[in-house]
Amino acid sequence: MSQPIIEPIEKYGLSKRSRRRTLFSKIGVVGCGNEGSAIATIALLNGIEVVFLEPTEEKIANAFTRIERKLNKRIQNWGLTENEKKIALSRVQGTTKYKDFTGCDFVIEAVRYDDQTGERHVEERKEVFLQLEKVLSPQAIIASNVSTVVITELASELQYKERCIGLHFLSNVPGSNIIEIVRGLYTSDETYEKICQFARLINHQYVAVAESAGLVSIRLFLIELNEACEMLMEGISNVEDIDKVLTVGFGHRLGVFRTADQMGIEKIVKLMENLYQEYGNQKYKPSPVLLRLSRAKHFGVKKGKGFYEYDESGNILK
Amino acid sequence: MKILVLNCGSSSVKYRLLDLENNKVLGSGGVEKIGMKGSFLKHIRQDHQTVILEGEVLEHQTAIEYILGVLTSAKHGCIKSLEEIDAVGHRVVHGAEKFNSSVLITNEVIKKIEECIDIAPLHNPPNLAGISAISELLPTVPQVAVFDTAFHQTMPEYAFMYPIPYSLYTKYGIRRYGFHGTSHRYVSHRACEFLNMDYNRTKIITVHLGNGASITAIENGKSIDTSMGFTPLEGLMMGTRSGDVDLGIATFLMEKEMIGPSALSTLFNKHSGVLGVSGISSDMRDIETAIANGNERAKLALDMYEYRIKKYIGAYVASLNGVDLIVFTGGVGENQASTRQKIMKGLTYLGVEIDEEANASARGKEALISSAGSKVKVAVIPTDEEFMIASDTMKIIEEMKKK
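Protein sequences appear in the order of chains S and P.
Numbering-wise (this note's numbering), the first sequence opens with residue 1321 and increments by one.
Numbering-wise (this note's numbering), the second sequence opens with residue 92 and increments by one.
Just so you know, not all the hints are guaranteed correct.
[Unchecked claim] The calculated DSSO-like cross-link candidates involving lysine-lysine, where the alpha carbons are at most 27 Å apart (straight line), are:
hint	chain 1	residue 1	chain 2	residue 2
1	S	1419	S	1406
2	P	171	S	1417
3	S	1405	S	1417
4	P	401	S	1405
5	S	1390	P	133
6	S	1331	P	171
7	P	128	S	1514
8	P	313	P	203
9	P	456	P	133
10	P	124	S	1331
11	S	1379	S	1625
12	S	1379	S	1393
13	S	1379	S	1564
14	S	1331	P	105
15	S	1405	P	313
16	S	1564	P	347
17	S	1564	S	1603
18	P	492	P	171
19	P	128	S	1379
20	S	1406	P	456
21	S	1481	S	1454
22	S	1379	S	1605
23	P	124	S	1393
24	S	1405	P	105
25	P	133	S	1331
26	S	1390	P	347
[Claimed, not checked] Simulated coverage check for chain P against chain S, where a stretch passes if three residues somewhere in it have a Cβ under 8 Å from a Cβ of chain S:
hint	segment
27	124-136
28	155-168
29	358-369
Keep in mind the hints are simulated off the structure, nothing from the lab.
No residue lacks a Cβ here, since even glycine has one placed at the ideal position from N, Cα and C.
Could you put together the complete structure from these sequences and hints?
Structural data, given as structure tokens:
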């Protein structure tokens, strides 16, 4: 049989008009650490193209490994096939340059927490927002993965402030398909509506939360954790049993201590200090138990030790 | 009359332009990988030359624009203008209980198809996207919907109901719907034509073995039972789908492996079947090669696959209280002589007698593969859903014109 004729498709369109692109067909992620790669993976699995930015080629390679590990875990749990993984990975691109975000409908900043201090620097994040504004169209949404009061401040220096919005993915709890959507003072209704649409697109439930320290999820979680630490100190119960009451009794997926280990104790301490500062209430002060773990650098899963001990793939040892 | 047949999947659109009066395919092909990297349109011209057009295709509307573009192009096309298209026939996967035959698409019909999204969340939305693209691009051309489920709407209640609380049927429409209806209808009809049998007085079992597989019992022209149910997961063992399993496995696994509904669905739909058992492939050609190389699990997979087909045929002989004609179709059914042979050899109690030579040489073409003395006729009929969709479309358009 004769060879197929291969040509570009463009000239066979019916009209010259620009092709209507579906909203959110391509999104950007700045910072592809734990949280960034979780967000990227969710988007990829829902058929969205993802461009992520990391400062160096080495970090890009690491981010790819993280995404792949997440996809492999899904295959292990029967939730994905090898083929689907291939397709998902064909949609992702890593870059060191902001200009590769051109054409994205939506870019989310998920700059990492500082390894040492557990903080995320506001100045650095402002810079990210400014860089993004330079390459994105005025309609494109610029978001930050937040759980503290920051989105209004990040937006304040932009030209198109109304397109800024905060999102909070509960990326440390596996399978938690919910997003807290945080409107800043400048956020427009249109931006909010579009983000709701995005949430539906990636099969997530969503709730609107006013800009506040800890939002709903983190604030409730931290209080629960502090109280649980209190019980440890009083000798009322132990780590395993408290988690058991929560998982078996209340149907929580992981329990409070395991979740803390997933999140990272150093981040938790910083978050609590932030809440304490914002609300001034004693109940937000990090428990001595947390401070002790933090000082010992027993940050949780990633260090192999926190409230529990873990093997290299993050499974509990005891 | 020139009819364009469209089959819109989640990331593909297949098409065929037919001139029904002259019984000619003017052009056919498909767009693959819509919304992904590496999307392309593969067009087969009337002179059988293949043309591949590469480029970004982000959504169904764009895909259909390109299809119409290539069909009308001077270089590869087959029609001068879009006005030559008299009607468009769409394959629609799920018509639930709302449709028992093909229909002219109106706003009301679209609304009803939308209502079926709840029980066919993966399939009906792309079908609807195709309908809306045509409404926009060819606003004056009539469109017809041909449903995968419609043929099976004749199943009696005792065959389509599940033995679970009745309230779940009234609340969610949980019942057996069956799929591949257009294929079962086409091959059963066509087999009777081919063998000169009276369609309305024949007991037929049609065995569709493709990527998905299903089997249907047809009595006097009506589907009275079919192996797929509420979803296309039930029934025969398939390439990657398990088919019938004990539901207890699902609940057991949910606890043992701590997995939720979506992982469970992927497990039974994509990790199971021939692929899951063999650990090699869902493609029967790969399985045959592996068996030739002495792979035990590949052999087990094939044995299971064939045994389960035989078992279903037995069950449907009982449903029909006899059988006059068995029809094989679908990629595997049309091409895999060894599978047909094994199944037929296990049906000698029915008086099935194989014509070894005819069976061995029947590959992708219409053939009688039972011997002259066989009590039950067995035939291979390549399925042609597009033709069926086009012919339904033509009938409906002609009736519409009469009114």
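For each hint, the structure was consulted:
| no. | hint | result |
| --- | --- | --- |
| 1 | 1419(S) / 1406(S) | holds (26 Å) |
| 2 | 171(P) / 1417(S) | violated (47 Å) |
| 3 | 1405(S) / 1417(S) | holds (26 Å) |
| 4 | 401(P) / 1405(S) | violated (35 Å) |
| 5 | 1390(S) / 133(P) | violated (34 Å) |
| 6 | 1331(S) / 171(P) | holds (17 Å) |
| 7 | 128(P) / 1514(S) | holds (25 Å) |
| 8 | 313(P) / 203(P) | holds (24 Å) |
| 9 | 456(P) / 133(P) | holds (24 Å) |
| 10 | 124(P) / 1331(S) | holds (19 Å) |
| 11 | 1379(S) / 1625(S) | holds (25 Å) |
| 12 | 1379(S) / 1393(S) | holds (21 Å) |
| 13 | 1379(S) / 1564(S) | violated (38 Å) |
| 14 | 1331(S) / 105(P) | holds (20 Å) |
| 15 | 1405(S) / 313(P) | violated (42 Å) |
| 16 | 1564(S) / 347(P) | holds (18 Å) |
| 17 | 1564(S) / 1603(S) | holds (24 Å) |
| 18 | 492(P) / 171(P) | holds (24 Å) |
| 19 | 128(P) / 1379(S) | holds (24 Å) |
| 20 | 1406(S) / 456(P) | violated (36 Å) |
| 21 | 1481(S) / 1454(S) | holds (13 Å) |
| 22 | 1379(S) / 1605(S) | violated (35 Å) |
| 23 | 124(P) / 1393(S) | holds (25 Å) |
| 24 | 1405(S) / 105(P) | holds (24 Å) |
| 25 | 133(P) / 1331(S) | holds (15 Å) |
| 26 | 1390(S) / 347(P) | holds (21 Å) |
| 27 | 124-136 | holds (count 7) |
| 28 | 155-168 | holds (count 7) |
| 29 | 358-369 | holds (count 3) |
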